[in-house]
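Produce the entire structure from the sequences given, and follow the hints as far as they go.
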Amino acid sequence: EPEVTQTPSHQVTQMGQEVILRCVPISNHLYFYWYRQILGQKVEFLVSFYNNEISEKSEIFDDQFSVERPDGSNFTLKIRSTKLEDSAMYFCASSAESAIYTEAFFGQGTRLTVV
Amino acid sequence: EDKVVQSPLSLVVHEGDTVTLNCSYEVTNFRSLLWYKQEKKAPTFLFMLTSSGIEKKSGRLSSILDKKELFSILNITATQTGDSAIYLCAVVGNAGNMLTFGGGTRLMVKP
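For the protein sequence lines, the chains are F and V, in the order given.
Note that my numbering has the first sequence beginning at 1, numbered continuously upward.
Note that my numbering has the second sequence beginning at 1001, numbered continuously upward.
Note that these hints are calculated values from the structure, not bench results.
Simulated crosslink set (DSBU-like; lysine-lysine; CA at most 35 angstroms straight-line): (1) V:K1110 to F:K42; (2) V:K1040 to V:K1068; (3) V:K1041 to F:K42; (4) F:K42 to V:K1037; (5) F:K57 to V:K1056; (6) V:K1037 to F:K78; (7) V:K1056 to F:K42; (8) V:K1003 to F:K42; (9) F:K42 to V:K1040; (10) V:K1040 to F:K78; (11) F:K83 to V:K1041; (12) F:K57 to V:K1003; (13) V:K1040 to F:K57; (14) F:K83 to V:K1040; (15) F:K78 to F:K57; (16) F:K78 to V:K1041.
Restraint ranges, calculated between C-beta atoms of paired labels, are given here: (17) V:E1069 to F:I20: 38 to 48 angstroms; (18) F:S73 to V:L1009: 31 to 41 angstroms; (19) V:V1013 to F:K78: 41 to 51 angstroms.
All C-beta atoms in this analysis are idealised placements derived from N, C-alpha and C, irrespective of residue type, glycine included.
Shown next, in the form of structure tokens:
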């Protein structure tokens, strides 16, 4: 069964460093998303991406965050200068159509620890 | 701002019991409501509901939506230890391409 894959599964980084979280969405999907879940808290929306541009973003997704689809398969989330409060599980998701019409499938997540 | 509230926060039952999980929401221009199961890491999709009163069913799990009263329930009959997980409710509203999640219900099924 097709699945969303994320790498790495766990990343430890020093405060102020840049990190890139990588995702390979399901191959025929057109919509891509990043969510995060701080330990013990709700899953929170960060950004959605369609047709090579951001379609929605939350207040969390400020100037230190960026997304890119550098080739036909990868979808990345970059955090430019990490802060302690960026420590969370980051989930990538994809859907064949808009979330209005169809479910999103989630990857296993990257646990980011900022020290 | 869209809001999703789930209850109870946690639930402990024994195998064979039936459970009902609740999700209420406040959403601008409601589009759909989704249930996910989160065992260790990734939320896995269970149901997507868009119309009131139509039950969706998959094995021992079923769900229904009430758009007038703004809530949904997820029922699990004859629970098994493998049903132990966090069950997440999420809605799609005016923004379209985003899910707003509730805090989840942590279900533990004891043998």
